[in-house]
Amino acid sequence: MPKRTDLSHILVIGSGPIVIGQAAEFDYSGTQACRVLREEGFRVSLVNSNPATIMTDPEFADSTYLEPVTPEFLEQVIATERPDALLATLGGQTALNAAVELDRRGVLERYGVELIGADIEAIQRGEDRQKFKDIVRAVGGDVPRSAVCQTMDEVRECVAEIGLPVVIRPAYTMGGRGSGMAHTPEDLERMAAYGLSESPVCEVLVEESVLGWKEYELELMRDYRDNVVVVCSIENVDAMGVHTGDSVTVAPSMTLTDREYQQMRDVGIDVLREVGVDTGGCNIQFAFHPDTGRMVVIEMNPRVSRSSALASKATGFPIAKIAAKLAIGYSLDEITNDITGETPASFEPTLDYVVVKTPRFAFEKFPGADPELTTTMKSVGEAMAVGRSFVEALGKALRSMETRSLGFWTQPDPEGETVESALDALRTPHDGRLYTVERALRLGATVEQVCEASWIDPWFVDQILSLVELRAEITEAAVLDEALLRRAKRFGVSDRQIAALRPELAGEDGVRTLRHRLGVRPVFKTVDTCAAEFAARTPYHYSAYESDPAAETEVVAQRDRPKAIILGSGPNRIGQGIEFDYSCVHATLALREAGYETVMVNCNPETVSTDYDTSDRLYFEPLTFEDVLEVVHAEQESGTVGAVIVQLGGQTPLSLSRRLAAAGVPIVGTSPEAIHLAEDRGAFGDVLGAAGLPAPRYGTATSFEGAKLVAEEIGYPVLVRPSYVLGGRGMEIVYDTEHLASYITRATEVSPEHPVLVDRFLDDAIEIDVDALFDGEELYLGGVMEHIEEAGIHSGDSSCALPPITLGKADIERVRASTEAIARGVGVRGLLNVQYALAGDVLYVLEANPRASRTAPFVSKATGIPLAKAAALIMTGASIKELRARGVLRATGDGGTLPPDAPVAVKEAVLPFHRFRTPEGHGVDSLLSPEMKSTGEVMGVDAAFGMAFAKSQVAAYGPLPTSGTVFVSVANRDKRALIFPVKRLADLGFEILATSGTAEVLRRNGVPCAEVRKYSDDTGTTSGARGPGEPTIVDIILDGGVDMIINTPYGNSGPRIDGYEIRTAAVARNVPCITTVQGAAAAVHGIEASIRGDIGVRSLQQLHAAMAPAGDS
Amino acid sequence: MTRQATDTYRVNAGDRAPAALVLEDGAVYRGLSYGAQGTAFGEVVFCTGMTGYQETLTDPSYHKQIVVQTAPQIGNTGWNDEDDESSRIWVAGYVVREPARIPSNWRSRRPLQEELARQGVVGIAQVDTRTLTRHIREHGAMRAGVFSGDGLATTDEMVARVADSPSMAGADLAGEVTTSAPYVVPAEGEARFRVAAIDLGIKSNTPRMMSARGMEVHVLPATATMADVRAIEPDGVFLSNGPGDPATTAHATALTREVLDRKLPLFGICFGNQILGRALGLDTYKMRYGHRGMNIPVMDTATRRIAITAQNHGFALEGEPGARFTSPYGAATISHYCPNDDTVEGVRCHDVPAFAVQYHPEAAAGPHDAAILFDEFVALMEDAR
Ligand SMILES: Nc1ncnc2c1ncn2[C@@H]1O[C@H](COP(=O)(O)OP(=O)(O)O)[C@@H](O)[C@H]1O
Ligand SMILES: Nc1ncnc2c1ncn2[C@@H]1O[C@H](COP(=O)(O)OP(=O)(O)O)[C@@H](O)[C@H]1O
Ligand SMILES: [Mg+2]
Ligand SMILES: [Mg+2]
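Protein sequence lines correspond, in order, to chains G and Y.
Taking the numbering used here, the leading residue of the first sequence gets 7, the next gets one more, and so forth.
Taking the numbering used here, the leading residue of the second sequence gets 1347, the next gets one more, and so forth.
Looking at chain G on its own, in the form it has when it is part of the complex (with noise of 0.2 Å):
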C-alpha cells in the first residue's frame, strides 16, 4: 500500500530538554520526520519544549509549539490544532510516555486522534519488563531470572530466591535512570528504595545478574506487511553491567559467528513480532556468555531510540526517516535507498568498514560524584568514528573526545603504577579505560590477566595489544620510514601520539611535514550501506590510511560552485551542546542558499549536522588540526575552498582557527586574530580599556603566591578559573586564602598549559546575556537577556528572560553601545556574544565570545531572527543592511528595541544532577555555581512573564505546586528580600516551614509559619532514617511533606552541611527546590499564573507573526 491519504495533519511529539540517556538523537530523529512528514503533503504540528533544536525552527513545521511536552499542554495543542494522528515514536521515552498517557486520559479518543507508528498494547508489552520477557520465552528466547516488585518486601522476598547480586530496574525510566546493581543486602535496601521511586508506575524488576557477559544490540525496522530487516548489529566492548550508553560499541560485531549472529536475528524477530511493533524502528538488547554461548534478551525499546542514531550514521540507513514513512502507510520495499538511489530500503545494510562509538564524561563538574560505571547511564555524549580496521576507528574516536588524553600516549603515565595497580583499577569500570588496558599491557600484564580483570573481550585486548607492540616500534625504530608511518596510521594513530614517542621531530608539525613528504596521507572511502556493491550517490566519507598502492579516493570533483566547510562542534558536553549543532546546520542551510557547495566536518552521531543530507558533502571525522587539514586538503584537490566556518561549532573549531589560518587555510568571519584578541584576557583587557568600558578587576597568575598576591589586591571575594575554557570549567568563587590555596592545587590540574584568572568578584550583580550581529560598520541586537539568578551562576545554568523583564530602555541602549565598542575592537564579522553584570550602576563586561553562543537558538526563537543563518551570510560577505533588505532580518530596529506588547521567553536550564550519587550511595549537591552543569535547557513562551516562567518550570522539572507546604530556609543577607515572596505565598494559601532564623523574621513580618528543626540540629541521625524524637526538615522531605523548598546557600565558602543535605533530599524527592531570591520571587509570579489557570498555548509561527510588523514600527 503507497502513502496513506486517510490522514492528512499530523501530530509530532519531542523528547524535550537535553537530559542525559536522552539527548540531540531525538532532534535528529524528529528533525528528520518533520522533514519527511512535509514531503510527503502532510500538515505537521510539532510540541517540544527545547528551543535548542532543530526541529522547533518555524520552517521544520507548519505549527510549532515551544510548549511542555506534558499530556496537559499536548491536549490543548491537540484541541487547537485538531490533527488526524499522533506519532509519538520519535520522541523518546518522553513522547513515548506521553502518549500513553494521552490515551489512558482518553484524550485521544476524545479527539479522533490515530496514534501512528505504535501501538499502545505493543509499547506496554514492549516497556513492561515483565510482561516483555514473557514474550521473550513464548517464542523461545531466554532471558535472567527475575521478578517485578512494587514493595519493598516483594524485592527481599525475590532476592531471597535469586540471590544477590541482582540488578534492580525501575519500570518506564530512560537511560537506566533509577537502576544499579546490587551486590550487598544494604544496598539492596536503598537501591530498591529510590528505583521504586523513581518509576513513575512505582514499580522495579529485580533481575538476575549477567555481569560480564558479552552484550549486544540489534536495531530492526518492520512495515505493516510484516517485513522485517536488521539494520545494524552493535557489540559493546564493555561487558554487561555497563550501560550500553556509556560502553565504547563496535558495529558491526566483532566476535560472533554466523550461528550466534542469526539466532540473536531470529530470536529479535520474533520478538519485535510478538510484541506487535507494527510499523517502525525499534532496538533489543542481548547478552552472551562468553564460555558457553547461553543469550539471554536484556530489554526491547519500541521506538527509534539512542542507539537507532548511531546505527544509522553508521550504516547510512535513516532509520528515523524510514521509521516515519512506514508511519505513513508504506511499507519498506516501496522507499528507495537514498544512498544507491535505485535499490528499495527492504534490504540489510553491510558495512566494509567498522565504526566505534565512546561516551563522553562530565565528572569533574560533580565533585564526590561516583565515576564508577553501573548499569545507569552517566554520559553526557558521545563520538563516533569510523576506519577500515577496529584500531584505526578507536583511534580516531579517542581522538574526537577532546578530554585532555588525546589518544594513547599523549599523556604522561600515571607515577608509580604496577601491573597490579593497573589491573586492580580495571576491575571498577570507569571513563577511559581503556587507557589502563594500553597501560597494563604495556607494563607487562598478559591479555589473560586484563581479561579477567575487565571482563573485555579478549579479541578487543588484543587489538590494543597491538598498539602496544606498534608503540614499540615507533620507539624503536632508528628512522621514521615510510612503511612504519604508513602501518601506524593505518593503525589510527594520530601525528600527535607519534609526535608524543619521538620528540626529535618537532612535535606534530614536524610530523605531519615527514609524513606528507613521504606521501603518507588518507584515502576518503564512502559510507553506502552495501560495502559498494551499488554505486553510492551521497557524499558521505570517511578517512582511511590503505597500504595496497591501488587505494583510490572516492572524493568526487566539483569545480562549478565555491565550497563552504563548517567544521561542527564534536561530541556533546556539558557547556557545548547541541546549541552548536543548530548554528552549523543554519549555516549549511544559508549557504547552500548563498550558492555554495556545503562540506560539514563533524564527529557526533548524535546530530542534525551529521546527517548526510543536511549539507551537500559530509565527512565524519575528528575536529582534531590534522584530520581537518587532511579534509580541507581533499576538498582543495576536488575543487575550490571558497570559506571554513569555525565561529558556529563552539570553543572546539573555534580553537583551531589560528593554526589552520597559519597553514592557509580560508577562514571567513572574524579573524583569529580578532578571536585572539576576544580570548586572551590581557589583549580584551586593552580592548575595553581602549573603550572605555569596566571590567571587573582581575590578574592572572601561575602560582599560588602570585595568586594569593592578586586577590589580597582586589580583595575578596575572587572568582578564579584557568584561561581560555567553556562552561565555566574550573571556576569557583573563593571566598578566602585557605580556599583559594585548595582551589589551585586541584585547578592546576585542569589546564596546566594556561595561567590562573582571578577576577572580583560581584556580588548581587544582574547579570545580562547579549547575542548580536556585526558586519564592520553596523550593530545588530539579536537579543537582550537579562538572568533570574544574580551574576555568580553560569550563564548556562542561570534561568533568563527575553526581552529583559527589569531593565529599561536606558539599560538597554548601555548594552547597545558597549556591545558595539567590543565588536569594534575585537573586530568581529559574524556573531558576538558578550555577557554584562550591572552591578551598583555600573556595567561590567565579564566575557565576551566572537562566536554563536549557547543562547543563539533561544534568541532566534524567542525574536523570530534566525542569527545563525545571518551570521553565516555575514561571514561570507553580506551586509547586514542587505540582510535587513532581504528580510533575513527586521528591517528596521532589532532585538534590542522589542515592542512593549512582545511575548516573554524563559529560557530555563535543565540539571543532572539526580543521575550522580557518592560512592557511598548518597546525592551530589544541587547548588549552582559559575561552573556550568546543565545538560540541556527549555524554553517556555507566553504574553506575560509568570505565564512564562510557569511553563518553564513544568518542562523542566514539571509543574510548580499551586497549593501545600513551602519550606523556606535561607542565608541573613536574602532574609529581606524574601519576606514579601513567602508572604505572597502564605496569602495564596501555602502553609510555611521555616528553620528557626528565617522563621524568627518571617513571624516579625507577619508571615504565619512552622518552626522545624534543623539537619543538624538533629543528634545521631542519619539523612533519611527515622530518628528518635522529632523529625528534621530532611525527614520531612524525604516523605514528602514538602512541595517546595526556598533555600539559599548560608555564606559561601562550599555548601554547608544543612543545604547540602536539603537540596540532595529535594533531588532525590523531586520536589522544586530554588536556591536564589530571585528564583523564588519569579515562582511565586509562576504559581499565580498557574492558580489563575490562564495559561494557553501559542505556536511561534503565531508568536512571530504578531511580533514582525510592530518590530518594524
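Don't read these hints as lab results, they were simulated from the structure.
Just so we're clear, the structure is a prediction, and the values are computed from it rather than from any experiment.
The beta-carbon is built from N, C-alpha and C at its ideal position, and this holds for glycine as well.
Please note: incorrect hints may appear among the correct ones.
Per the computed footprint, the stretches of chain Y lying under chain G, defined by three or more beta-carbons under 8 Å from a beta-carbon of chain G, are [unchecked claim]:
hint	segment
1	1396-1408
2	1418-1425
3	1448-1455
4	1470-1477
5	1711-1718
Facing chain Y, from chain G, some residues (calculated, C-beta under 7 Å) [claimed, not checked]:
hint	residue
6	P258
7	M260
8	D358
9	R394
10	L666
11	A668
12	G670
Starting from the structure of chain G, add chain Y with the ligands where the hints point.
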C-alpha cells in the same frame, strides 16, 4: 594466548611475504600473503556477508573462485568444528583486508590462517578490498591470480599467467565437487519422506534442514541417472546448488526433464534453480558480478512479501518478474525476483509439482527468512501422495 598473539602479529606486521592479486585486465593489488603461499587462479568475486566466512570458504559453489571478503575484519571467531558446509575449503584463493591476530569465540578451535595454510589455500591480506570491489563492480567478475612467495613475478608475467588460466563461462564443475558415492542422511525422528538429492555441490546444511523435516535424504552423485533416482522410490527430488555455468549441465537438465515428465515433486536451490529453468526452456546468462551476500532482498510475487536472503550466484535465468509463461510442462511463473536489479530468483510450475529458488533457504551462512521453502517442499510431496 599472548605469545601466540605476538607471533601472529610479527607476521601481520610485515615480515610476512609480500603478495599480489592480479586481474586479467591488468589491475594489480598488493598486500601480504595470508594462509598458504604460492599461486592460485580463479574467477575473482566479492562477497558482502559480514559473518560466516567459515561457511563461505567451505561452500562448494565457490569452487574455482577467488573470494574477496568486503567485511573489514576477518578471522575474529577463528575456525570451529561445527560450521563447515562441506568436507573442505573450496575457494581457489582468498582476499581480505584485516585478518584477526587471535581468534576469540567459545567454539573456536584454531585460527583461520592456520586452517587456510593447512588446506593449502593461497590468500592475500591488507588489500584495499573496497577499491577492488568497486573495480569488479564496474568491470565485472573476471579471471585473476593470487601470487606470493616464489609465485611472485613481474606484473606482465603475472598478467600473462592469468590470461592463460581457464575461464568460468562454459566451465562444467559439478563433476569436480559432487560426491563420489551415494550416501544417506537419515531423517530426524520417523522418516516421512524419501528424497533423492542430486549433489551438484550440495552444502551440509541442506540435508540437515530436510532431515529435520522428516525427510530421509539420499544424496546422489551429479552423474546419477533416472534409473538411480527411481531405484530409491523417492517422494521428491532435490536439485542442489553448485558451481559453474548452467549451460554446460546437459545431463542434469535432461534428468530434470524426466523428473518433470513423471510429475515427481521437485525442489531446486541456486544452480538447481537454473537447471529447472533451463528444463522449462528458459535461458541462463552470466551476470556482471553476480549476487554474493546475505542481505539480498527477494520479493515473492504471490505474497508481495520480502525475504532477506543469502545468495551466491554468478549466473541467472532470463525472465521478467512475475511473468507467466508456457513451458513443455505447462504453465509456469517467475515467482521470485530481486528488487535491487530485477534478477530472477525463483520459478514455479503450475501443472507439475516443481519449484526452485536462486537463493539459499538453507542459509549457513545467512538469514533464515526463507527456511519455510523446505516446508513448501514437504507440502508438495504430501499433495503428490
Ligand atoms: N541482568 C543484568 N545483569 C547485569 N547487567 C545488566 C543486566 N541487565 C541490564 N544490565 C546492564 O544494564 C544496562 C541497562 O539495562 P537496560 O535494560 O538496557 O536498561 P535501559 O533501559 O537503561 O537501556 C545494560 O546496558 C546492561 O549493561
Ligand atoms: N566578576 C564576576 N562577578 C560575578 N560573577 C561572575 C564574574 N565573572 C563571571 N561570573 C559568573 O561566572 C559565569 C561564568 O563566567 P564566564 O566568564 O561567562 O565563563 P564562561 O566562559 O564559562 O561562560 C558567568 O556566567 C557569571 O555568572
Ligand atoms: Mg538499554
Ligand atoms: Mg559565559
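Check: Which hints from the list above does the structure break, by number from lowest to highest?
Finding: 10, 11, 12
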